[in-house]
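Enquirer: Produce the complete structure using the sequences and hints provided.
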Amino acid sequence: ETTCPKEPVKSTSGLKGREQCAWGYHFCEVLPTTDLGMKAASILALIGCLVTVTESKVYTRCKLAKIFSRAGLDNYQGFSLGNWICMAYYESHYNTTAQTQLEDGSTDYGIFQINSFTWCRHAKLQEKNHCHVACSALLTDDLTDAIICAKKIAKETEGMNYWQGWKKHCEGKDLSEWKKGCEVS
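Sequential numbering of the sequence shown, starting at 1, is according to full-length UniProt numbering.
Calculated directly from the structure, the hints in this document are not laboratory data. Not one of these hints is a red herring.
EDC-like, lysine to aspartate or glutamate: derived pairs with alpha carbons at most 20 Å apart: (1) K128 - D104; (2) K155 - D74; (3) K155 - E171; (4) K151 - D74; (5) K128 - E158; (6) K128 - E103; (7) K63 - E183; (8) K57 - D142; (9) K66 - D142; (10) K128 - E156; (11) K168 - E158; (12) K63 - E177; (13) K152 - D74; (14) K66 - E177; (15) K167 - D74; (16) K66 - D141; (17) K152 - D142; (18) K167 - E156; (19) K173 - E158; (20) K151 - E171; (21) K63 - D142; (22) K167 - E177; (23) K66 - E183; (24) K57 - D141; (25) K180 - D74; (26) K173 - D74; (27) K151 - D141; (28) K63 - D141; (29) K63 - D74.
Expert: As structure tokens, then:
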């Protein structure tokens, strides 16, 4: 896991007299302080960064069922809503900020664990970015980009076989329980 640096990193944003520490995709700014308050400001900046970056959205099963249903995932490419809910659980435990580093140097991102080498843009030029989206967009509470990309994956590959969590835990099973009690059709 990454942590904020012990000392804030000088801003490259042109905000003179300010410092930033970066962690993930969040920035914490600290106004300049006197020498006496420098240590306190550094500690506050570090705490602020840690508090900011631990803000992850972990959806409930039923909230996700409603979002997925509204987004048209129920029976998308022949896969019931239960398939999508089950897959998201086993891929990320419904955590929008889930990231998994893989041995090949790529990273899986977000609630659907979408891979950086093929589907989204992290930073490397060799990445294919078939979803035409920044990987960071797959880590937000707004699931629009993640859902659009997941639909593209299901349509352009072998359905849900892309997701190992789905293959291992959901494929071929009665998944009606995944949406039970969620007030979705």
